[in-house]
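Chains as they are written, first to last, in my numbering: chain X, 241 to 614; chain P, 89 to 536.
Simulated from the structure, these hints should not be mistaken for laboratory data.
Here the structure is a predicted model, which is why all the values come from computation and not from measurement.
Any given hint could turn out to be false.
[As the list claims (entries may be wrong)] Listed next, the in silico DMTMM-like pairs over lysine to aspartate or glutamate satisfying Cα-Cα at most 20 Å (straight line): (1) P/Lys414 <-> X/Asp593; (2) P/Lys410 <-> P/Glu496; (3) X/Lys342 <-> X/Asp375; (4) P/Lys415 <-> P/Asp257; (5) X/Lys285 <-> P/Glu379; (6) X/Lys556 <-> X/Asp520; (7) P/Lys275 <-> P/Glu325; (8) P/Lys366 <-> X/Glu494; (9) X/Lys367 <-> X/Glu352; (10) P/Lys415 <-> X/Asp431; (11) P/Lys414 <-> P/Asp257; (12) P/Lys414 <-> X/Asp431; (13) P/Lys414 <-> P/Glu494; (14) P/Lys415 <-> X/Asp520; (15) P/Lys410 <-> X/Asp431; (16) P/Lys275 <-> P/Asp257.
[To be verified] One side only, chain P facing chain X, incomplete, derived with CB under 8 Å: (17) Phe240; (18) Val244; (19) Glu250; (20) Arg259; (21) Gly260; (22) Leu263; (23) Val300; (24) Gln324; (25) Asp397; (26) Trp452; (27) Gly529; (28) Ala532; (29) Gly535.
Think of the CB as a built atom: it goes at the ideal place given N, C-alpha and C, for glycine as much as any other residue.
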Amino acid sequence: MHSMEIDRRRFLSWLAAVGAGAAASPGAWAAASGVDSAFYLAARKSPEGYQATVIDGQGRLQLAVPMPARGHSFAIDAARGRAVVFGRQPGFFAVVFDTGGKAPPRTIVPPEGRHFFGHGVFSPDGKRLFATENDYDAGRGVLGIYDASEAGACRRIGEFSTGGIGPHEVVLMPDGRTLCVANGGILTHPDYGKLTLNAADMEPSLAYIDMATGDLLEQHRLAPSLHRLSIRHLVLDGSGAVWFGCQHTGPAQEQPPLVGRHRRGKAPELFAGPASVLRDMRNYVGSLACDVSGTRVATSSPVGGCVVVWDAATGKFLERIALFDGCGVAPRRQGGFVLTSGQGEVAHALPGDGQAVRQFLSSGVAWDNHLRRV
Amino acid sequence: MAMRARIAGRKLPRAGMMGCKAMQERYIRPVRAATALTAALAISLGAAQAGALPADLGPALARGYIAPAMVEFQQAAVSMREGMAAFCTGASLHAGQTDAAPAMPEGSGKSGHEGPQASASHAREAPPDALELDRRFGRLVQAWSGIAFLRFGPLVDSNRFERIFFWPDPRGVMLRQIQGQLAAAGKAQAGAEGAGAPGSILDPQALATHSVALQGLPALEYMLYRDTGLLRAGAQEAQGFAAACGFSRAIAGNLASIGSELASLWGGSGDYAARFSKPADDNPIYRSNQEVAGEAVKALSTGLQFTRDIELLPMLGSGPAKASEKKAPFWRSGKSALALAASARGLAAFHDAAGWRYAADEAWIGSSIDDELTRAAAAFESVAQGLAQAAAAAPVQAGALQAWLETEEGYRQLVLASLLLKNAKGIVDENMAPAFGARIGFNALDGD
């Protein structure tokens, strides 16, 4: 356990160095152009270190919050203008910050024996924050529950089982009460980074959990032959169906479908698309987004260097957009998608265009896996 | 690009120039603070390349390294199985008794990773003793280390990797399952000799259907080297000897049969060897020589990462006082250093076998990778030899590496090796991959 102690020490010294209120780049927010009022959140690696950032649709920086290590994704409380960035798994920190840079950031440290997997959500009233976490000595997935009310100071007040191992992304269902969790099925232990410890016995699932009671309302597994297909990322389409993106951890020659849709009370459906497109995705989906119309779902594959767009109603393949190391994807305000890459690129993909049009290239910057619209 | 790469190459810190303390501070970090090991590192292809890919890259790797290394693993497993059988029944081994090994593939020779303990005799007259079985187990561990980094295709398919090597196992799954199974098998067998009942873990075919934690090297090592293990004095007279023997023979048999599948898939007429050797548009796995190169670079990079981050760094902890040999693979049998040396040798031989043709101004890349790996292997070998000398003619025991780690010089040697592995991985990722058009993206490198 010595290593976690070191992590904590390092984290605390980072806190002291950063100071409580100095995290936001002063004045950066004022630079907003006002042309496009949509803002996006993304973690990145930059010459200044790891940061959680707010950018506009053209990739211009509005706010940068320093982080002690690599970040992953965000929980967003839009009504109160705040967000939480989670450390990438195995994550030992999260930072709550004001997306307008108007309040000092607050840090969250998971309790002993837990680490973050990188995703979380707020309850609609902003009083609770749920984070996917690893109870790593027991080898089970949990949702950490944090009191996100004003008086709560983001204290951890409990946890729910996710009904599986390695929960990755969690989303809030349209009813405002049910959480949908992607139990990736991959057992990890922080002593060994992200190494899969249970390749032969993986059991990924999609679980619906009542956020008030923790009750496991509904759970779905794919066919047993797909037990190495890790369900990892989620997004809701306009009809309220859950779309999920998978990563296949089995042999490369197996190329199972990587994208699926689930409607409550029914069996999950998988969509393969054309064989050549499936092959291009290289058994890997890194992120999902649904466009503003709610009818088009984008799935990115940084491994395959492409973003694939699907028709939400039929599950039909629509288009493939090439972007080297592209992973972050979010709905563009005027239709289509905003994409980010590990090579510093921010690009737009207009519907039917079939290509990524570069908006901004920040040298020395690597945009991390997820891009979220505020 | 070449100029930048060269400068980057020169900037790489050389272990020899740094003091031990500085190295520890800079390089010894627990894995959770270091770059996390990715489950599936990926290489994106298509970037401009300066080096030329050898036209016969796939065949060169398959015939020059992979197939012979798989055959060596298979033969080492057969030798273990035979040794176990004779040891358990008290029979003698004869030369003619050795199971026929598959024909060595064309062009195969010494795969370059066989250590001093690799020459187990097949012609012994006397029943093998504990020392002989220890030698055979050492050969098997080394042979495994020579193929463990080939974690694509056959080794991933059918959970072969996990069946051979269910490790690391931080929650002690293997121990728990073995103890439960042994208790049950002991009762069922009630002292009877020979193969177990159908479905039992004492039957090699049935064992293959049991949990992966029961099937491979860590389980066999536990059965041989635990405090009441088969290689301990007096084991033959101890209660439960028959069940322990039956289970260990089943594991060795299971390993031999997995080895035979691997050797066959990678052999001269093997399915996977053919795919790897003949990239084409209609090849379901490798469409181009570039993709074969990507697979090879990925194997090197992830193999280096596994060896350093998973097998080596956890044992080093944050300093000699925190070092723990029990975090290393094969600590029970005292073969951790031997395994690490064989990994480094194997990676170097795999890199050599490809015949990478670097552009003139990038030739340093290949020689640096070779150099770092050779030096890392030498550092591990020096530890292994030190431990062997201290043990005199007896097998190295568990605990010997621990004592070694607690000395400043011993610890320093392993720190040096970790630095060399880190450098080698840095060169593979940052210089070798781009040189052959296998640029590794930030998100693709370490996805989530």
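These are the hints, each one checked on the structure:
1. P/Lys414 <-> X/Asp593: At roughly 56 Å apart (the allowed maximum being 20 Å), X/Asp593 and P/Lys414 break the hint.
2. P/Lys410 <-> P/Glu496: Holds, at roughly 12 Å.
3. X/Lys342 <-> X/Asp375: This hinted pair is violated, its Cα atoms lying about 34 Å apart.
4. P/Lys415 <-> P/Asp257: holds, 10 Å
5. X/Lys285 <-> P/Glu379: violated, 28 Å
6. X/Lys556 <-> X/Asp520: Roughly 16 Å separates the two Cα atoms, so the pair holds.
7. P/Lys275 <-> P/Glu325: Holds. P/Lys275 to P/Glu325 sits at ~18 Å (cutoff 20 Å).
8. P/Lys366 <-> X/Glu494: holds, 18 Å
9. X/Lys367 <-> X/Glu352: violated, 23 Å
10. P/Lys415 <-> X/Asp431: It holds: about 10 Å lies between the C-alpha atoms, which stays within 20 Å.
11. P/Lys414 <-> P/Asp257: holds, 11 Å
12. P/Lys414 <-> X/Asp431: The hint holds at about 13 Å.
13. P/Lys414 <-> P/Glu494: holds, 13 Å
14. P/Lys415 <-> X/Asp520: violated, 39 Å
15. P/Lys410 <-> X/Asp431: Roughly 14 Å separates the two Cα atoms, so the pair holds.
16. P/Lys275 <-> P/Asp257: violated, 27 Å
17. Phe240: holds, 6 Å
18. Val244: At about 5 Å, which falls below the 8 Å cut-off, the nearest Cβ of chain X leaves the hint on P/Val244 intact, so it holds.
19. Glu250: Result: holds, 5 Å to nearest chain X Cβ.
20. Arg259: Holds. Min distance 6 Å.
21. Gly260: violated, 11 Å
22. Leu263: At 15 Å from the nearest chain X Cβ, P/Leu263 fails the 8 Å test, so the hint is violated.
23. Val300: holds, 4 Å
24. Gln324: Violated, about 34 Å.
25. Asp397: holds, 6 Å
26. Trp452: violated, 25 Å
27. Gly529: holds, 3 Å
28. Ala532: holds, 4 Å
29. Gly535: Nearest chain X Cβ about 6 Å off; hint holds.
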